Amino acid sequence: MLSPRWRKLLGDLCESRQRTAAMVISLAIGIFGVGTMLDSYSILTREIAGNYQAANPASATLELANVDDALAADVRKFPGIADAEVRATILSRIRVGDDWTRLLLFVINDFNDLRLNTFKRESGAWPPPRGTMLVERSSVKVLKAGIGAAPYIKTPHGIPREVPVSGLVHDTSLAPGVQEQTVCGYITRETLGLLGEKPVLDELRILVADHPFDRTSVDTTARSVANRLQTTGQVVRQIQVPQPGRHPHQGQMTGVLFLFISFSLMALVLSAILVATLVSAMLARQIREIGVMKAVGATTGQIATMYLAMVALLGAVATASAMPLALLAARTFSDAIANLLNFTIMSYHVPLWVLAVQIASGILVPVAMAAFPIMRGARVTVREAINDYGLKSDAFGQHRLDSALARLQGISRAYLLALRNMFRRRGRLILSLVLLAAGGGMFMSALNVRDAWKVYIGRIYADRHYDVQIKLNEPEREDALRSALQKVRGVAKIETWGYSETTLAQPGLVDIVRTYPDGGHGSFAIVGAPPETTMVMFRVLAGRWLQPGDGYAVVLNQMARSLIPDVKINDTVLLSLNGRATKWRVEGFVEEVGFPAAAYVSEKAYAQAAGLEGRAQMIRVTSSAADQAERVEIIRSIEQTLATAGVSVREGLPLAVLRTAMVEHVSVLVNTLIATAVLLGLIGVLGLASTMSMNVIERTRELGVMRAIGATPETVMRIILSEGVFVGALSWVFAVITSVPLSLLVGRIVGMLSFKVPLALAMSPVAMLLWFVVVLVISAAACAYPALRASRLTVREALAYG
Amino acid sequence: MKNPDAKTGSPLIELRGVNKEFLSPGGKVKVLNNINLSIKQGEFVTIVGKSGSGKSTLLSMITGIDRPSSGAVLVDDTRVHLLPEGPLAAWRGRNIGVVFQFFQLLPTLTVAENIMLPMDFAGVYPGHRRRERALALLGQVGIIEHADKLPSSLSGGQQQRAAIARALANDPPLVVADEPTGNLDGHTAAEVIKLFSNLVSSGKTVVIVTHERDVTTFADRTIVLADGSIESELKGARALRNYGAREAARA
Chain X
149 MLSPRWRKLL
159 GDLCESRQRT
169 AAMVISLAIG
179 IFGVGTMLDS
189 YSILTREIAG
199 NYQAANPASA
209 TLELANVDDA
219 LAADVRKFPG
229 IADAEVRATI
239 LSRIRVGDDW
249 TRLLLFVIND
259 FNDLRLNTFK
269 RESGAWPPPR
279 GTMLVERSSV
289 KVLKAGIGAA
299 PYIKTPHGIP
309 REVPVSGLVH
319 DTSLAPGVQE
329 QTVCGYITRE
339 TLGLLGEKPV
349 LDELRILVAD
359 HPFDRTSVDT
369 TARSVANRLQ
379 TTGQVVRQIQ
389 VPQPGRHPHQ
399 GQMTGVLFLF
409 ISFSLMALVL
419 SAILVATLVS
429 AMLARQIREI
439 GVMKAVGATT
449 GQIATMYLAM
459 VALLGAVATA
469 SAMPLALLAA
479 RTFSDAIANL
489 LNFTIMSYHV
499 PLWVLAVQIA
509 SGILVPVAMA
519 AFPIMRGARV
529 TVREAINDYG
539 LKSDAFGQHR
549 LDSALARLQG
559 ISRAYLLALR
569 NMFRRRGRLI
579 LSLVLLAAGG
589 GMFMSALNVR
599 DAWKVYIGRI
609 YADRHYDVQI
619 KLNEPEREDA
629 LRSALQKVRG
639 VAKIETWGYS
649 ETTLAQPGLV
659 DIVRTYPDGG
669 HGSFAIVGAP
679 PETTMVMFRV
689 LAGRWLQPGD
699 GYAVVLNQMA
709 RSLIPDVKIN
719 DTVLLSLNGR
729 ATKWRVEGFV
739 EEVGFPAAAY
749 VSEKAYAQAA
759 GLEGRAQMIR
769 VTSSAADQAE
779 RVEIIRSIEQ
789 TLATAGVSVR
799 EGLPLAVLRT
809 AMVEHVSVLV
819 NTLIATAVLL
829 GLIGVLGLAS
839 TMSMNVIERT
849 RELGVMRAIG
859 ATPETVMRII
869 LSEGVFVGAL
879 SWVFAVITSV
889 PLSLLVGRIV
899 GMLSFKVPLA
909 LAMSPVAMLL
919 WFVVVLVISA
929 AACAYPALRA
939 SRLTVREALA
949 YG
Chain S
6 MKNPDAKTGS
16 PLIELRGVNK
26 EFLSPGGKVK
36 VLNNINLSIK
46 QGEFVTIVGK
56 SGSGKSTLLS
66 MITGIDRPSS
76 GAVLVDDTRV
86 HLLPEGPLAA
96 WRGRNIGVVF
106 QFFQLLPTLT
116 VAENIMLPMD
126 FAGVYPGHRR
136 RERALALLGQ
146 VGIIEHADKL
156 PSSLSGGQQQ
166 RAAIARALAN
176 DPPLVVADEP
186 TGNLDGHTAA
196 EVIKLFSNLV
206 SSGKTVVIVT
216 HERDVTTFAD
226 RTIVLADGSI
236 ESELKGARAL
246 RNYGAREAAR
256 A
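One line per chain: the protein sequences are X and S, in this order. Residue 950, in the working numbering, is where the first sequence stops; the numbers in between run on with no holes. Residue 256, in the working numbering, is where the second sequence stops; the numbers in between run on with no holes.
Extracted from the complex, chain S is given alone in its bound form (with noise of 0.2 Å):
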């Protein structure tokens, strides 16, 4: 169940005339362009667009993975794109939780450890209560009776399933995933999405970058990007259906 109360307040995510530039071998390439948005606290919004549209790239400077070139970006009111590395690495860690297309899991641990492994990083929980809590991450996603086993012998599904469980380790208030569904099949994909549902519905705010058209039908507002810039934003079921007609109009 949505919390709707928590979408009319203060926005979670603000990004204010954000530019992001890149030096290339021809030259300086613009990657974002004047990038102006706002996202509310339980929202769940989804970024789409071409490749080299900037999609990542933007998912980046929320995360403060990457500083704008120009611009600001405030999550929580913190000035994400002026803290140092170190603090910006512990702030990242108590309060985003990322998730991977690759999933990423650290294979020398096991599935419970990597999700403790935040907290280890964080100290937000105390250390008697991490397993606890990993298990407890692990119900969620489905996923327990792995807790002890090496990331190399789940598949890929079950690996993204523990990458949530991790982004969730410090309970943070904002998800993030790039592509979280793309290199899973369908049947995975959606049981994935679904978490991601879940997610919103106990109050967490949720960005997905992704290609997946069906992952936008699950959204509440999908941004469309192109060449850098935001060329729209669309709403709910509305937005699924406005942007796959026009993406089938240019195919």
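Just chain X, with the same shape it has in the complex (with noise of 0.2 Å):
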């Protein structure tokens, strides 16, 4: 049996039921987005990373002139060595409608032996029969056809083919196709010879056996393994050493969920303050019980146990009735991220310790906010509680704020009146405005983040003044290119530029790239571009863009300034062209939208260093299209004209391609932020309806004067209905205040995580008025039923109130 003051507590709960509820579901909410985001990371960085390790994922990939079964079985017996495989990745092109699009075909050995890097059979044949391919899942969209499909292919050295779509498979190690706008095929080596490819293997990937998640140590055993190669007389080109243990996209997921974790805690802390700030109005209201308990020998601690018990309960009850929808929540968000991400969810289980986390937040950060307040009214002395008389008498009037406020005229008393009642709460006005404007900012900021980040992309045709780039398979004569191009109707500009992949290059070792297999996470290109181009015009961050007449210089962009640690104006730089290191002097760094790390250098020092004078392996072109299609047309007979001239194309890249592939990276960041301005919103609207309802109480009897003196029903309703509108405006306004930093701040770390730049702050008035008249309606409608019950007092209730 409970004991009275337990008694006492309950009664006091379940006889204002709104007010609970309003406490329950506010802490409920806060409870959920914690739960949400607390149990969506514990399950994605779990299976993001057991997905990726479930394709036992090569430690190091090097790249020879040939490796067979042999090779990998004698290195398999290397020390430190754990396994290895020979394999080949073959970047072709793949024709998807009309058009050509970046195709990786992996060469594999033996598919009933897969060691590194695995897959898996998802549907059709498995091995792939002769002539056909087998699919990644993810790529199916972008290649717009699935088993049973026969596109052409066209690989370096071969002659288009039709090759059909003869499996699926589901690959974890890769990032998901259609982000990268890439399609991803298997086949066998005797496939590869149909292609018009030499039927060889060049890449031995490697697994280490100690220390295989530490760099330092993957890349020694693999250095290693790679000297030893060269003394039984095999050329290692390169050796590519991706981030060890971690998915491509793992570091931007991990690094999203954090910013969400954040947010989620922002919105417990604001409905525990709202519960804090009810508590508080509920004690100011039992002052005198509170004196009388104190009469009859309560001390202060058990006064304020008793309170703080209750708001432990409270917590308790949220909790409980969150977590199991946070875990719904939680399944649904984490499939829409491994859905993106191309990896399959195999256990929902959320380990103990989070919703261990989440049980004692619930409960200990409401009772923390609580407790001030709790201990204010629980220190109250016998004397003071029995003279208070109650509700204390609003004193509007004693502030300069109402001063000022009464000089007000101009408009409608009712309004007036509804404007004045306003700051007369100013704890709980600030109260609602904080909680609404913090939905209100977190709302803007999403939007806000979307059109940064379309700004962002932008920036790809405001910086590039070309329609289209195509990379070379190998150097062809700029000449040959300008002649052969120029006849192509519609072509009004060409550039000849060099390129190559590069790294760091370390004398007398070999080199090690952080490429991912995919070729494009972690690459690094040096690029001969002609001084003076037009085609792009990229952002100076320091330092100068090259000029004619430079020459060993080279200009950074900031993904590889990101590379170099500590790297400045005027510091030389070793980059490797080809195999040789060859050394830059650092003259500038530039800002580069939308692409992996590159080193700018001349056209001329490059061609030099890399011993290609005259030829080129890369062209900008630059169309006179007046649309689109136009556009694409154009770029068609330009893979036409290079084809029927003999030129291998690598890969041809579209802007609008290489747009779209960045649209797709945010989309699912920004619903996300919405989701949370939701919640927020919707504890905005709890704690307005709250704190509307305490005023309404307490202003019962001015309201009932009000009625007696002619107002009706109507009226009194109105007058409530627009404080509340007056105070969803004024959120409006610290709203847009604080979506400033926010967006700064998440702007910042999406384009850090992204391209290492801050997104730059895009105030969208599209989300100001938006969330204008979002608030305007959520404030009336926080308002409706307190007005509602305000209109249905009766005059008699009303006037004997208090």
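Since the hints were derived computationally from the structure, they do not count as laboratory data. No experiment lies behind these values; they were computed from the predicted model shown. Warning: the hint list may mix true and false statements.
Partial pick of chain X residues on the chain S-facing surface, computed with a CB cut under 8 Å [as the list claims (entries may be wrong)]: (1) 552; (2) 565; (3) 669; (4) 670; (5) 850; (6) 855; (7) 858.
Quick reminder that beta carbons are idealized off the backbone N, C-alpha and C, glycines included.
Fit chain to chain and form the complex, with the hints in mind.
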């Protein structure tokens, strides 16, 4: 049987059911947010790592001239090597509709003996019959076709040939094709031969036995294998060591999840502040009861414990209600992210520590927030409590702001009343403003970041004044290329550039690049640019862009700069060019949108260093197209012309495709930010509804007076609704202000995670207008019930109140 | 100067067989018992009685603040007890000025704005004339210099004067007051009663619930309530004497 003091508390909670419900619901929303994000974090980080590890990714890939099974078997016996496999990766092209798209062809030695970077059959054939290929499941969207389709494939040395898709596989070690706008295919060595390439494998993939997740250890072991192979006459061109044990998108995903956990914690703290305010109001109404309890022997500690226990109970009820829902939401969210990043959730299990953190935060955060008002209320002396006349007078008029408001004229008395009433309980007003402004700030930030991303993507077009970039498989004569392309109708301008993969060279050591097997993530290129080029106009961050007459000068983009710690203007950097270390003086840093790390040098210096005078590996073409359709046609003609001239194209990248790939990267982030804003908005609505309810209760007699002097129920309702709408409108101002640093923060995190560039602030007028409408509607909705209740009070009840 | 002609007309207020019961944890409590009362236009009527005798409830019946359990309440031929809440509020705003014991000025409006508020609700006076009228009423009750102050800066007496001015905002024929001097010192109370007396002189009908004997000296008629029924009706100075003597005897 409960002791009287606890029965009193339960009675208090039951007596004011609406307030109790508001406290539980607001806490539940906060805990739901935190729970969803913590659960998702625990599921996603485990599953992305698990999926990636399950593929047994190679620690390093050594590029050689020719590798066979015997060599792999030998290497497996090397000290420090856990496993080895031979493979080839051919960057090819695949026809999608009327256009050529990037195709990564993985040539597998034995589909039934996959050891490293394994993938699983999803459907169709296994292994792929001769002349067919398997396709990674996430590439289907890019290919716009599945099993049974027979797209044309063009390898560097082959002619276009139809290769049917005989099955689908799931490769968890790759970034999803749709994000990279790349198709990933898997073929046998025999099929490679049919495609016009020599049926040789040139990659030796190894798994390091000791400390496989330590980059230094992997580097050392891979170099030692390379050295050993070189002593046997093998030529090791390059070693690829991607970030050990980490999916290409793992860092970005973890960073974004941390961001969301922070925001959801903010929602929980705000909901706890709301609870603390409601408890504070409750204590103010019960001050005499507290006095009586003290008069009959209760200590301050006992009183405080009672109310703290009550808050803990509310937190426990809210936590119990929110946690199962959070688990469900986390499943849905995790599925969406897994789908986006192309991995499969094997288990939705949430570790106990995550649940424990939710329970602890669901109970302790509100208790911590309510502790101060409870202690203040519990410390009241018997004399103070007995002398208290219940509710304190609003004492409007004692503050400068009151006087200023009293001078305000020119609007109807009813609205004037609503406006001034708004400022009577300033603590509550601030709470409502903070809650609504947090929701609004988050909402606007989501749309601002989306706009900032659009502006950022827009710089692809602003900084680049060409329509298509074509990389060639082999260096070709510049004059021949120009002469061929100048004949293409619609080609306005042609520039020939040098291009080569590079890495920071370490003299005497085999080059190590940080590229993943997809060849994109972590890549670094040295680019020979015409200094007077008008096709790119990058923002110079420091130093200068290339100038005619520049010798061994280099300008690094921000991605390349991040690879070289503490690099400064005038520093010398060693870059590997075709396996040789070349020395360059840093002249500037530029900001480049949407491209991996690049070191820009003058085309002449590049040609000289690479021994490729008069030849180019990259072409950039500007067309005279008036619209996208015409542009596409011109690009097709260029491709056709190059094919006719016998030029083997490695990759053709129209700017529009680059833009599409970048747009895909940020949609989930924006949607999740909006979902967080909805949670905060709900807490804001509850906060406003609660504070307005308290205000209405406290002003009941005033409402009665108004009715007595002629105010109709509709007038009373309008005054209360107006007050809520005024609070909403004022909160909008604070929301706009809040959205500035929040947008900058989120933009910085998103930009740095993506391309090492903070996104510039973009204030979306649509977001501002939209939130203004939303906040007015939700404020009116929040006040609807208190207003209705106020309008339904009979004059007698209202006048008798208190 | 009173208007004797006004008092000879048909009744302004008429209560016919009014009963009022409240539900309490102990059962039904009868607060008013078969009240039949008629008050003519221009009369100054006070209602007296012990605590719990039903004085304030009777006043609430007249203003429509509360409704009878049975019986009828007519004010200027309007069947008040049958009016729905919205029309009742609008009707009350135009026809009755209400004065409360604790003044009940709205704290966020200035004194003048408090007086203009009923005009806003009723829409009786055009917008541009409302302040002018509010100031005139404040002049009438002697606190025009406080027009633009907030109520919190006024004394109790000044607030009650402002409340009386507010009651007169829409120039209603009837002014009712519930213990209007109960919260004031003797001197201030006398000044307030004088104000009510002046209202009657100008043709208003005034009904006041009071405990104060001094108030009844100004009344044309005093209605004595006991246990929810009209015990007696006394007129003029006689009313004061008889009521005072009886109360003294009971004491």
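Ascending list of hint numbers which this structure does not respect: Result: hints 1, 3, 4 break, sorted rising.
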